[in-house]
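Just need the whole structure built from these sequences, with the hints factored in.
In the order they appear, the protein sequences are chains A and B. Heads up: the first sequence at position 98 corresponds to 98 in the working numbering, and the numbers run straight through without jumps. Adding 1000 to a residue's 1-based position in the second sequence gives its number in the working numbering.
Mixed in with the good hints there might be a few duds.
[Stated by the list, open to error] Quick partial rundown of chain B residues pointing at chain A, CB under 7 angstroms, derived from the structure:
1) TYR1005
2) PRO1008
3) PRO1039
4) MET1041
5) GLU1042
6) LEU1090
7) TYR1100
8) ASN1101
9) GLY1108
10) LEU1114
[Stated by the list, open to error] Pairwise CB distance ranges, derived in the manner of DEER restraints:
11) A:ASP69 - B:GLY1016: 28 to 38 angstroms
12) B:VAL1052 - A:PRO8: 42 to 52 angstroms
13) A:TRP113 - B:GLU1056: 22 to 32 angstroms
14) A:ASP39 - B:GLU1056: 25 to 35 angstroms
15) A:LEU11 - B:ARG1070: 35 to 45 angstroms
16) B:GLU1063 - A:THR40: 25 to 35 angstroms
17) A:THR78 - B:SER1061: 23 to 33 angstroms
18) B:SER1067 - A:THR78: 37 to 47 angstroms
19) A:ASP69 - B:GLU1056: 32 to 42 angstroms
20) A:GLY60 - B:MET1027: 23 to 33 angstroms
21) B:THR1086 - A:SER10: 21 to 31 angstroms
22) A:ASP39 - B:GLU1095: 20 to 30 angstroms
23) B:MET1027 - A:THR26: 30 to 40 angstroms
Note that these hints are calculated values from the structure, not bench results. Positions of the beta carbon are idealized from the N, C-alpha and C atoms, including for glycine.
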Amino acid sequence: KNQVEQSPQSLIILEGKNCTLQCNYTVSPFSNLRWYKQDTGRGPVSLTIMTFSENTKSNGRYTATLDADTKQSSLHITASQLSDSASYICVVSDRGSTLGRLYFGRGTQLTVWP
Amino acid sequence: EADIYQTPRYLVIGTGKKITLECSQTMGHDKMYWYQQDPGMELHLIHYSYGVNSTEKGDLSSESTVSRIRTEHFPLTLESARPSHTSQYLCASSEEENLYNEQFFGPGTRLTVL
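Spelled out as structure tokens, the structure:
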């Protein structure tokens, strides 16, 4: 069964600290994996996207890694800010075209305290 | 931020009412999608469209219906709202030729049925 599992379910950190969010998937075939940020009451916004051949991708203070062999990905947030408080969703696509299906994780709810 | 709009952003309505959730995009995308998302849960695809006059049901069974008369417009209708329909509804769109199956999301409509 194609699934995307994220951990932890929720996380609280202090402003300025770093954190790492995890994503494990069983989707096959695999085309690409992306991380979305979803603010409360808003739609998801793409942070990074990685294909099979990419191990890491950065977007400012966000760095995603991918291990296609173990089917694991992580999202590392550096020097957290209050505006980083959001849900971070891992999404895996089984095909690169629009014929493909997207598999969504439940997200990690990150709260950054001052 | 992607040019995809949803109205209303919030809707509180009584049981038995007919409602239409609006979704419009100005990017000329052929494919459009409706997702349902409950708090702390993953997004579930309920409808999608490949283009004008094309609509398909998604993975999650839904009592809602959709129409696609114009490329830019993909409204969702509930003929008789019930409390079980309370959820967040997210609209998305993507280009037909899309290497990464990238979808752009609207801000969502938070529906509460009393």
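Outcome of the hint check:
1. Annotation: TYR1005 of chain B was flagged as interfacial toward chain A, and the flag is violated, the nearest CB pair being 10 angstroms apart, outside 7 angstroms.
2. Taken as an interface hint, PRO1008 of chain B does not check out: its beta carbon lies about 12 angstroms from the nearest beta carbon of chain A, beyond 7 angstroms.
3. Interface hint at PRO1039 of chain B: violated, since its Cβ lies 10 angstroms from the closest Cβ of chain A, which is beyond the 7 angstroms cut-off.
4. Interface restraint check: MET1041 of chain B against chain A, minimum CB-CB distance 6 angstroms, threshold 7 angstroms, status holds.
5. Because the closest C-beta pair between GLU1042 of chain B and chain A is about 4 angstroms apart, less than 7 angstroms, the hint holds.
6. Of the supplied interface hints, the one on LEU1090 of chain B holds, with its beta-carbon coming within about 5 angstroms of a beta-carbon of chain A, less than 7 angstroms.
7. Annotation: TYR1100 of chain B was flagged as interfacial toward chain A, and the flag holds, the nearest CB pair being 5 angstroms apart, inside 7 angstroms.
8. For ASN1101 of chain B, the shortest C-beta to C-beta distance to chain A is roughly 5 angstroms, which falls under 7 angstroms, so the interface hint holds.
9. Evaluation of the GLY1108 of chain B hint against chain A yields a held restraint, the C-beta minimum of about 5 angstroms falling below 7 angstroms.
10. About 19 angstroms separates the beta-carbon of LEU1114 of chain B from the nearest beta-carbon of chain A, more than 7 angstroms, and the hint is not met.
11. Taking the beta carbon of each, ASP69 of chain A and GLY1016 of chain B are about 53 angstroms apart, not inside 28 to 38 angstroms as hinted.
12. The given range of 42 to 52 angstroms is respected by VAL1052 of chain B and PRO8 of chain A, whose C-beta atoms sit roughly 44 angstroms from each other.
13. Checking the proposed 22 to 32 angstroms range against TRP113 of chain A and GLU1056 of chain B shows it is violated: the Cβ atoms sit about 44 angstroms from each other.
14. For ASP39 of chain A and GLU1056 of chain B, the Cβ-Cβ distance of about 29 angstroms falls inside the hinted range of 25 to 35 angstroms, so the restraint holds.
15. Remark: the range hint 35 to 45 angstroms for LEU11 of chain A to ARG1070 of chain B is upheld by a beta-carbon distance near 42 angstroms.
16. With their beta carbons about 27 angstroms apart, GLU1063 of chain B and THR40 of chain A fall inside the hinted range of 25 to 35 angstroms.
17. A hinted range of 23 to 33 angstroms is violated for the C-beta pair THR78 of chain A and SER1061 of chain B, which are about 42 angstroms apart.
18. A hinted range of 37 to 47 angstroms holds for the C-beta pair SER1067 of chain B and THR78 of chain A, which are about 45 angstroms apart.
19. For ASP69 of chain A paired with GLU1056 of chain B, a C-beta distance near 34 angstroms keeps the hint of 32 to 42 angstroms intact.
20. Checked against the given bound of 23 to 33 angstroms, the beta carbons of GLY60 of chain A and MET1027 of chain B, roughly 24 angstroms apart, stay inside it.
21. As the Cβ distance of THR1086 of chain B to SER10 of chain A is approximately 22 angstroms, the hint placing it in 21 to 31 angstroms holds.
22. Against the hinted window of 20 to 30 angstroms, the Cβ-Cβ separation of ASP39 of chain A and GLU1095 of chain B comes to about 24 angstroms, which satisfies the hint.
23. Checked against the hint of 30 to 40 angstroms, the C-beta distance between MET1027 of chain B and THR26 of chain A comes to roughly 32 angstroms, which is consistent with it.
Comparing the model with each numbered hint stated earlier shows that hints 1, 2, 3, 10, 11, 13 and 17 do not hold.
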